[in-house]
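> In order, the protein sequence lines correspond to chains Z, A, W and R.
FYI, the numbering used here numbers position 97 of the first sequence as 97, with every residue one higher than the one before it.
FYI, the numbering used here numbers position 192 of the second sequence as 192, with every residue one higher than the one before it.
FYI, the numbering used here numbers position 265 of the third sequence as 265, with every residue one higher than the one before it.
FYI, the numbering used here numbers position 258 of the fourth sequence as 258, with every residue one higher than the one before it.
Simulated from the structure, these hints should not be mistaken for laboratory data.
Where hints are given, some of them may not hold.
As the list claims (entries may be wrong) - Below 30 Å or equal to it, Euclidean Cα-Cα: the simulated DSBU-like pairs (lysine-lysine) are:
1. Z/K73 <-> W/K250
2. W/K302 <-> W/K318
3. W/K247 <-> Z/K53
4. W/K228 <-> Z/K53
5. W/K247 <-> Z/K73
6. W/K72 <-> W/K230
7. W/K230 <-> Z/K73
Claimed, not checked - Derived list of chain A stretches under chain Z, where covered just means 3 residues or more per stretch with a C-beta under 8 Å from a C-beta of chain Z:
8. 31-41
9. 71-83
10. 156-164
11. 174-185
12. 205-215
13. 268-281
Said to hold, decoys possible - Partial list, derived from the structure: chain A residues whose beta carbon lies under 7 Å from chain R:
14. G67
15. R192
16. D194
Small disclaimer: the values here were computed from a predicted structure and weren't measured.
Every residue, glycine too, gets a C-beta built ideally from N, C-alpha and C.
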Amino acid sequence: MVTGPALRARVSEAGLAYLLLLPSLVFLATFTYWPILRSIYFSFHDVVLGSNKIYFLGFENYERLWTDKLFWKSLGNTVFYTLVTIPCAITVALLLAVALDSKLRGMTFYRSAFFYPVMIPSVAAGMVWVFLYAPGYGPINSAIAALGLPKVEWLYDARWALPAIIFMSIWKYAGYFMLILLAALQMIPADLHEAAKLDGVSAIDRLIHITVPLISPTLYFVIIIGLLHSYQIFDYVYVMTQGGPADATNVLTFYIYQNGFQYQDIGYASTLANVLLLFVGGLITLVALVFGRRVHYLGR
Amino acid sequence: MATLQDPIELSAPATSRGTLLALRTALRRNWLHFVLLPLMLFWISPLAWIIITSLKSRTEVFDPNAGILPAVLQWGNYPAAMAVAPFGTYLINSVLATGGILVCELITITLAAYAFARLNFPGKNILFTLFLLQIMFPIYATFLTNFVTVRELGILNSLPALIVPFVASGYGTFMLRQAFRQVPTELADAARLDGCGHLGILWHVYLPLVKPTLIAFSIIAVVTHWNDYMWPLLVTNSESVRTLPIGLGLLAKSDSGADWTRLMAATVVVVSPLLLFFVIFQRRFVDSFMHAGLK
Amino acid sequence: MSVKSTISHISRRGVLLGGAAAVAASAGLRSRPAYAAPDKVKVQFMYPVGVSGDINKLVSTMISKFNAAHEKIEVEAIYAGSYDNTEQKVITALGVGDPPATWLPINSALQTFLGLDALADVTDKAKKTDIYQDFIPGFLETAVSDGKLYGLPFQPSTPVLYFNADAFKAAGIAKPPVTWDELLEVSKALTVRENGELKRWGLTIGGGWHDWIFECFCRQNALVPWTKDKVLFDKPEAVDALEFWVKLVKAGVMPPASTWQGSANDFMAGRTAMLYHSTGSLTNLRTSSPFKVDVAFMPKNKTFGACQGGGPIMIAKKQSDAAIEASWTFAKWMTSTDVQSQWGRDTGYLAVRKSSWETPEMLAYLKEVPQAKVALEQSAYAGAFLQVPGYHKVREYLKSALDRTLAGEIKPDAALKEAADNSNREIQRLLRRRS
Amino acid sequence: MAEVVLQGVSKSYQGKPTVHAVDLAVADKEFMVLVGPSGCGKSTTLRMIAGLEDITAGRLLIDGRDVTHAEPQKRDIAMVFQSYALYPHMTAYRNMAFGLLKTSSLSKPEIDRRIREAAEILHITHLLERKPNVLSGGERQRVAIGRALVRQPKVFLFDEPLSNLDAKLRTHMRGELKRLHKELGLTVIYVTHDQIEAMTLGTRVAILSDGRLQQVGAPMDLYMRPQNTFVATFIGSPEMSLLRCAMKPNGSGSVVSHPAFTTHVPERADAGEILLGVRPEEVIVGPADGTALACGRVDRTELIGSEALAEIVVGADRLVARTPVTKVPPLGAEVGISFDMERVRVFDAASGRVLSRL
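Can you make the complete structure from the sequences, with help from the hints?
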């Protein structure tokens, strides 16, 4: 059905597309796909960091995974962390973004105040929160005591250490999501809101029925990015708890780091990384299936 | 900046029954402030602590009897913190490395995102997934192989080594693709009729219209890479190519408890350029594109 | 690493990696001095910063002094992060066959590096000097395996018992506890609760490195809980030590968990009256606490006991004899009497040579900071820390066992048995691999 | 001279045909309206003319030149989009200048002259330095038209340009467009789904349905002589009523029998089912007595200004009649109805085609 020139146009469009993708692909191939391929190869081998000797193991690393209690624990911690952090951080971010998407007095200051945690290097942020969470004399416990609630040992308590890190993550990342959502809000035509306002639609209804659908592509993006980020969370565990107490804060990425760099067990670390990749990939597919279809693009 | 709430109006002289009314009006107009202000105070309290601690003497930091504010402002903490490493060189390197990453990323993601958002080609979905792989794979698992690659390229212990792994960004491509897809297709059509090719459309229509997203991405990219620690530590040896977070690492050591006052002073120094950068760019965000009215 | 080899790399891989060639082209930005005078031997030295940011400055000063004094050698000092980071950086470089000439890891890593066949044996060189005579034996031992010396101890530390002298005075306690029993009693006396709410712990054991401190407790029970190819955590002495910890927790005088940073903060904030922490923290705790800080031996049970943290300067095996010789010269210089005396005074680390402790400067310093002497005296009872293959993982197993026991999830003997089994399996795995 | 000829132009997406072999010739200075319900392929056809969509098969000639595969900017056309597609980041002036700067070698003063001239014609001179977001719908519309005008193209393409305006403005702009077409002698191809717009604007109207061209002709021609039931019902408001009848040839014409009546039509065809097409104004409502063709009951009435519409149930069918306001029958009343038999049309029930009159 396709005639020559039309076909040619289509081919040249594809050609252009590949050309545009080329710069990215060259670097991705070198610094992402190559490591992933090596990681797949390593996962079937006994590889020790620093040594050139490699032994074939077959599926032994994967079998190890099944019986590795710490792996399952860290996986559970990661899932818990994600399920709590992402919805909370994104909700806070969305409300902040909507609130700050107006010509409010002191807007620059507000935005900076909510965004700055993203900028604090994780080493420093971790240390500061170690202090804030300090038992007894820490400001958070002082505040809790002022409210008449029982004090908590936070990072020293296996039950509270992970929630403590989650809470700090929300502080650290809400501003980040807020910024992205703010950028999306800027692109919503103002008259849509004005029209709804004139129609007497309440602020909450406007948020749910106008704002959210209109920024749904960005929201979708933020959810996916949030998911991916939460699996990369490592710095705070590294700085604040080193996975303790009693592995209560050991998350998968930290466990991968431990295995690869501390235990030099590159083979097993690669296995973990591959499993994480599969897991995250599946999760994202799930999100894409659930949310992706509801995303409404203004452009189309 | 223009404000909706005119301050004069708020303090307008109360007429006969006006005081209460004025108060209520003030409340209604400013309710957002009443919600945001406490939250904001909570949000900035760690920063306040950082700044206050950076000006304390060492014994004041944890002394429960010392009060919140330092008795004497210890400005000396700043030079003392800066003295542990050549922070000037580190600053220049951080600017170069972060700037280099940003420029490279902006180029690669713009091109790639346009292809994904607006062109049809075989293998589009698979390629997009491949781009996302970059964010899905734990970064620490790439370090070993990338270290070997960087060494083979002969750029170990150099600024390019800090940049190359981050030139392509699945994240940025994804973000920008979402923004591009928000731009009405009719605008691209109009531009084609106006004689633009794909690159012309990209340059004249898409990029100006997704400026808020570009700025948001830039801010995020800068912040992320400004604070990179592990990778720079691994691939650099010389002071002359090292970056600020490594200097910070010197003060946040594991053996003896942190060097609180100087660590916080250094944190302030490291964060300040970012904060400045953010304040400048988030203004542009508002001014240039407040509801540009894409429809 | 010569320029020549680098260029050949570019032409080979740079072409292979198409787009990355642009990057390779900019390799001109490389900042490593591309050449040195041909007769100079270049020696890289990777070191961690564990106690104070000023170490960076101190090391730089030392290196310039060394370089000025040695015409034929040029040392480049490379700050490599924490102990962990340093180890990772060195091992990664080893993996590509390009290790630094010398580095400073934690002593526990000895077996790890030996497993990688990375260390130059310096026994014979040392025998030609006064090293075996002048080094404090407890320190020197941390660099010895199978009777061979693989480095020179440079910055040893041990845990010590820090105590809040003001709190002691207020509670009417005249002197620090000497035995475990006294430790429990004193802790009880120092613990403060108001209306059931805890205000001050009697004792805190610094978390994160509590496995290190636990080994000290084992040694105080006359058990070295490891040999070079297995761990002995399940021995009765170890179980007894952990049971003592449980007793402290159950008595309500010690928190069941803490972190390394947090416990130091707690001490400075008066949240705990006594603290087990590294000697390396002395300067920081002494100068940052709003009260008088004093230091004591860790109390004994069957005996006094401690184990070494900190590390030796190690020398890479796979390099030219000239480079090894230069590295040896450097290591020797760094551990010489005066340098060590200065280093110890500047940082709070323990000087490794007996003679360093007798220099006039050191004697003057000890008069001013008598606390520094405690760790030295205690080191007579100290040995190396957990020098087994795969010590990182073993540490994790042990820490996890300790944490879970103190949290009341598991009994001490079961926990330690499990940790020992897991650790030994891991060690066996690594040893099997080596052979 | 500007002539647009479509020869068997077709479009298919992923093998699915959406436009079937459209043949259409647009004469110079003609105002051709493409009209049809949404999804009928009218916009796709327009976009193929513009070069925004590939032409899957067939040829497109502009001024005799084959531009089937030419790039949009080489076709000498200009287009006004439904949403105006003004560049939000450019002033009205820049919006108008952009295409000229890109495609022509005109000098800056010449461009400026053209813009001023177009602005003058469109009464938007005072808006030139503003950005689209501060313009009203009508003003944006004018700027969009201005952007097309300054190009001085051979052909103007309009894609539902009035659908985003309110009713009053729409009527006004309709007049404006008519004026521009007349005064400037433009060749226009105009897409709309609104048949009134089509009838009022077009010198000729092409009706599309399901990707097929149904009929092309002058508005009155389409109204009076629809070729099939689709055109018949699409044009005219309220739409033509279709009564299902049986037909038998009889003499020179045929006898048409409906359950409620039997009558005679001049068309002649084989016996079979037909649809009798009656426009509201062709129904004569009278008293329910013997003089009427049939009887029906008034089900609904609606006042539309000077006239009224009455929906009458006749047997199983409903039909709409137009009556003067003064003669609106009461609801539920039995009335007699007759048809203006000169004007009613007969369609083949199976194919929907009109039966020709002899």
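> Now look at each hint and say whether the structure bears it out.
Do the hints match the structure? See the list:
1. Z/K73 <-> W/K250: 27 Å, holds
2. W/K302 <-> W/K318: 44 Å, violated
3. W/K247 <-> Z/K53: 47 Å, violated
4. W/K228 <-> Z/K53: Holds, at about 22 Å.
5. W/K247 <-> Z/K73: 28 Å, holds
6. W/K72 <-> W/K230: Distance ~44 Å between W/K72 and W/K230 Cα, so the pair is violated.
7. W/K230 <-> Z/K73: 26 Å, holds
8. 31-41: holds (count 5)
9. 71-83: violated (count 0)
10. 156-164: violated (count 1)
11. 174-185: Result for this restraint: holds, n = 10.
12. 205-215: holds (count 5)
13. 268-281: Result for this restraint: holds, n = 6.
14. G67: Cβ of A/G67 sits 53 Å from chain R, so the hint is violated.
15. R192: 5 Å, holds
16. D194: At about 3 Å, which falls below the 7 Å cut-off, the nearest Cβ of chain R leaves the hint on A/D194 intact, so it holds.
Checked against the numbered hints given earlier, the structure breaks hints 2, 3, 6, 9, 10 and 14 and satisfies all the rest.
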